[in-house]
Amino acid sequence: MTINEAATPALAAQIQAGLLAFLEAKTKQVVAPGQDIFGTGLATSMFALELVVHLEGTYGIEIAGPDLRLEHFRTVEKMTALTLRLKAEAESTDSA
Amino acid sequence: MTTDQQFHRIAVLGAGVMGSGITTLALGSGVSVDLVDVDTRTLDRARSGIRTQLRHAQLLGALPGDRPQGELTTSVSMSGLAHADAVIEAITEDAGLKAKVLGEVSELVRPGTPVISNTSGIPIDELAGAVRRPEDLLGTHFMNPTYLISMVEVIRGPRTGDAVLAATQALLTTLRRKAVVVRDAPGFVTSRLLHPMINDAARIVAEGTATVEDVDTLMQGCLGHPTGPLRTADLIGIDNLVDALDALYERTGEKRNSPCELLREKVRAGELGRKSGRGFYDYGEGIS
Chain A
1 MTINEAATPA LAAQIQAGLL AFLEAKTKQV VAPGQDIFGT GLATSMFALE
51 LVVHLEGTYG IEIAGPDLRL EHFRTVEKMT ALTLRLKAEA ESTDSA
Chain B
1 MTTDQQFHRI AVLGAGVMGS GITTLALGSG VSVDLVDVDT RTLDRARSGI
51 RTQLRHAQLL GALPGDRPQG ELTTSVSMSG LAHADAVIEA ITEDAGLKAK
101 VLGEVSELVR PGTPVISNTS GIPIDELAGA VRRPEDLLGT HFMNPTYLIS
151 MVEVIRGPRT GDAVLAATQA LLTTLRRKAV VVRDAPGFVT SRLLHPMIND
201 AARIVAEGTA TVEDVDTLMQ GCLGHPTGPL RTADLIGIDN LVDALDALYE
251 RTGEKRNSPC ELLREKVRAG ELGRKSGRGF YDYGEGIS
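If you read the protein sequences in the order shown, they are chains A and B.
First residue of the first sequence? That's 1 in my numbering, and the numbers climb one at a time after it.
First residue of the second sequence? That's 1 in my numbering, and the numbers climb one at a time after it.
Check the hints yourself; a few may be wrong.
Covered stretches of chain A, as calculated for chain B (at least 3 residues, CB under 8 Å) [unchecked claim]: (1) 45-57; (2) 79-89.
Chain A residues, not near chain B, derived (Cβ > 12 Å throughout) [what the hints assert, rightly or not]: (3) 9; (4) 10; (5) 14; (6) 16; (7) 65.
Derived by calculation from the structure, the hints in this document are not laboratory data.
Bear in mind the structure is a predicted one, so any value in this text is a computation, not a measurement.
C-beta atoms are modelled at their ideal positions from N, C-alpha and C, and glycine is treated no differently.
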């Protein structure tokens, strides 16, 4: 939907694959990119913050303010979109 | 009426799991906290843990959007207590230690300041003998994670005064918690029911009747327990659970409350639950 996604399909695919592997290692279950991981009981609210910390550590981003909402972590697709956006924002700030 | 009382700054004693959680809740509710512990390393850990918990609370929509967060100060001394609007003691679940610390607290605070002992089951009247004004002392039993569970058990001891009970209820309203007030007894209501159940759940695992996962899954799926007793044990901290069971056994004499061998083994092995990364379940590096 955003330019970032169009510009960096390879990165998006990499983030998505990384998240799926992380989730499958943690839950020992197969996860689909569009699956509501909280709604289907796969992940708990206690686990949500682990996802935040994982994304921050892996991609060098900071998730804060209005971005720090469970809604953005509900599916692998949503987390991928958020990570791409924050990465792009961080990079444009760096080069500015 | 004391219910108009404003709470700007409270003191929390003990920077362990419960002290940190209560501090997170207060800061997130716009109340500043002076967090006191005897150990600076514990305070450092608590600072970073509280930062993480505030993020967790925000992530789950558990912070009010209408007020700025309170300010956190940490200290190894209780000298700031004279300025506290309320004091919440959340040190180790040991009646002797609690009595000693509460006695010191009661010499430092202004009369009428609620002195609140957070305990999962030590009768408040046992502690009331150690304080200068027993009418200012009462008990709370916050649940972990404090900032996510909206209900608090409040314990009125036989000597607790009306004013301090009303003030504590006002404080809990500021903290966006609902309170149920009960009378003083070993384990009050929630621990009297929950702790022996967890103890039995561990016995069931030790006897080989079912696995950890199956015990929790049955309690969730058949009886509507939100997480299962053994996941709850990991959240409470198995060391705290054993202390609380010991306290309950000592006071009720009921064998069912005597901590089973599997719980004691876990404590000896340092498998204390979520806070140590492993208990009945493995939490990897954990979040705290």
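**Study point:** Ascending list of hint numbers which this structure does not respect
**Key:** Numbers 2 and 7, in rising order.
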